[in-house]
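The task is simple: from the sequences and hints, build the whole structure.
Mapping to the UniProt record's numbering: the sequence shown position 239 is 239, numbers consecutive.
If you are wondering where the hints come from, they were derived from the structure by calculation, not from laboratory data. There could be a bad hint or two in this list.
Restricting the straight-line Cα-Cα distance to at most 25 Å, the calculated cross-link-like pairs of lysine-lysine (BS3-like) are [said to hold, decoys possible]:
| hint | residue 1 | residue 2 |
| --- | --- | --- |
| 1 | 144 | 181 |
| 2 | 181 | 193 |
| 3 | 193 | 144 |
| 4 | 51 | 240 |
| 5 | 193 | 145 |
Derived Cβ-Cβ restraints for the label pairs, each shown as a range [to be verified]:
| hint | residue 1 | residue 2 | range |
| --- | --- | --- | --- |
| 6 | 21 | 225 | 38 to 48 Å |
| 7 | 90 | 39 | 20 to 30 Å |
| 8 | 210 | 36 | 31 to 41 Å |
Glycine is no exception: its CB is placed at the ideal position from the N, C-alpha and C atoms.
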Amino acid sequence: MLPVLCSITDALESVGIPIEQFHCEGSENAYELVTGPLPPVEAVDSLTTSKETARRVCRHQNIDLTFNPSPPAINGLHVNISITGPESDTLEDYFLAGILAHIKALCGFALVRPESYDRTVAGQWCAGRYVAWGTENREMVVRKKRSCLWELRLPDAAAQMYLFVAGVLISGAAGIQNKTKLTLLDCPADDRKQYGIEDELPSSPSDAFRALLNDRLMVEHFGEDLLTTYVAVQEAFNNKLDNVGPKENYQPNHLTDLGHRLSRLQL
Numbered sequence: 001m002l003p004v005l006c007s008i009t010d011a012l013e014s015v016g017i018p019i020e021q022f023h024c025e026g027s028e029n030a031y032e033l034v035t036g037p038l039p040p041v042e043a044v045d046s047l048t049t050s051k052e053t054a055r056r057v058c059r060h061q062n063i064d065l066t067f068n069p070s071p072p073a074i075n076g077l078h079v080n081i082s083i084t085g086p087e088s089d090t091l092e093d094y095f096l097a098g099i100l101a102h103i104k105a106l107c108g109f110a111l112v113r114p115e116s117y118d119r120t121v122a123g124q125w126c127a128g129r130y131v132a133w134g135t136e137n138r139e140m141v142v143r144k145k146r147s148c149l150w151e152l153r154l155p156d157a158a159a160q161m162y163l164f165v166a167g168v169l170i171s172g173a174a175g176i177q178n179k180t181k182l183t184l185l186d187c188p189a190d191d192r193k194q195y196g197i198e199d200e201l202p203s204s205p206s207d208a209f210r211a212l213l214n215d216r217l218m219v220e221h222f223g224e225d226l227l228t229t230y231v232a233v234q235e236a237f238n239n240k241l242d243n244v245g246p247k248e249n250y251q252p253n254h255l256t257d258l259g260h261r262l263s264r265l266q267l
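This is the structure we're talking about:
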C-alpha cells in the first residue's frame with residue numbers, strides 16, 4: 001500500500017494540501033493521513049478536497065476506498081482544535097465548558113449514521129461513552145493534549161463537518177461569553193466513577209438529532225428551519241440504509257480505510 005499512499009500524498013501536495021505524516025491504523029488496510037493546522041473553514045475545505053482526491057487516486061488504481069465509520073474497522077475523524085491569543089490561558093476552561101455543555105447536540109452533526117455508534121462504547125479508544133474530558137485520555141469524548149489544545153473525538157467521516165465545526169465554535173464562544181464554569185474534572189483513565197461521570201452521550205442517530213433540535217443555542221444560531229430540514233435529510237438517508245439490510249451488505253469486498261484528521265483549527 002505504500003505506493004498508493006505516496007500517490008495520494010503527492011496528489012494532495014499538488015493541490016496545496018501538505019501532509020505532515022501518514023501511518024497505519026489499528027486494523028488491516030487502515031491508514032491515517034495528517035494535515036497541518038488551518039483556520040476552521042479552510043480546514044474543512046481541505047478535508048473535503050482530501051477525501052475526493054484520495055478517492056480519485058484509488059479509483060485510478062482500481063482500489064476500493066471507504067471512509068465508513070464501521071465496518072470493518074472502527075474509524076474516527078478526530079478534530080484537533082486550539083484557541084490562541086493573549087487571554088487564551090484564562091479562557092480555555094470556559095471554552096471547554098461551553099463545548100461539553102452542548103456535546104450531546106453536537107452528536108447530531110458528528111455521529112449521524114447507525115454504525116457511528118459502534119465507536120461510542122467503552123474500550124474502543126474512539127469517542128468514549130460519557131460526557132467527559134481528560135488529559136491524554138483517549139477514552140474521553142474530549143482529550144486535552146496541552147494548554148488550549150484539545151482533540152474532539154466525536155466525529156467520523158460521515159459527520160457533517162462544516163456544521164460540526166460551526167457548532168463547536170458557537171458552543172465554545174458561548175462558554176467564554178457566559179463564563180461557563182468547568183465543573184467536570186480532568187478524568188484519568190479508568191477513574192470515571194470516582195470522578196462522578198455518569199452522563200451518557202446519545203446512543204443512536206435519533207437520540208442525537210433530538211438533542212440537537214432541543215438545544216436552544218444551536219436553534220438560535222443555525223435556525224429552526226435549517227436544523228429540521230437537515231435532520232429530515234439525515235433520517236431519510238438512514239432509512240435508505242435500513243432498506244439495504246445489515247451493514248455488512250453495503251461494504252465493498254476489498255477495503256482500504258483511510259482516516260483523515262484535521263490537525264488543528266484556529267479560533
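(message) Hint check: residue 193 vs residue 144, CA-CA at most 25 Å. Holds or violated?
(response) With Cα atoms ~19 Å apart, residue 193 and residue 144 stay inside 25 Å; holds.
(message) Check the hint pairing residue 51 with residue 240 against an upper bound of 25 Å on the C-alpha distance.
(response) 23 Å, holds
(request) Please work out if residue 181 and residue 193 have their alpha carbons no farther apart than 25 Å. (result) Since the Cα atoms of residue 181 and residue 193 sit roughly 21 Å apart, the hinted pair holds (cutoff 25 Å).
(request) For the pair supplied as a hint, residue 144 and residue 181, confirm whether the alpha-carbon distance does not exceed 25 Å. (result) 17 Å, holds
(request) Could you say whether the range 31 to 41 Å given as a hint is met by the Cβ separation of residue 210 and residue 36? (result) 37 Å, holds
(request) Starting from the range 38 to 48 Å, see whether the pair residue 21 and residue 225 falls in it by beta-carbon distance. (result) 42 Å, holds
(message) Check whether the Cα positions of residue 193 and residue 145 lie no farther apart than 25 Å.
(response) Distance ~22 Å between residue 193 and residue 145 Cα, so the pair holds.
(request) Take a look at whether the Cβ-Cβ distance between residue 90 and residue 39 falls inside 20 to 30 Å. (result) Given about 22 Å between the Cβ atoms, the range holds.
Figure legend: structure checked against the earlier numbered hints; every hint is met.
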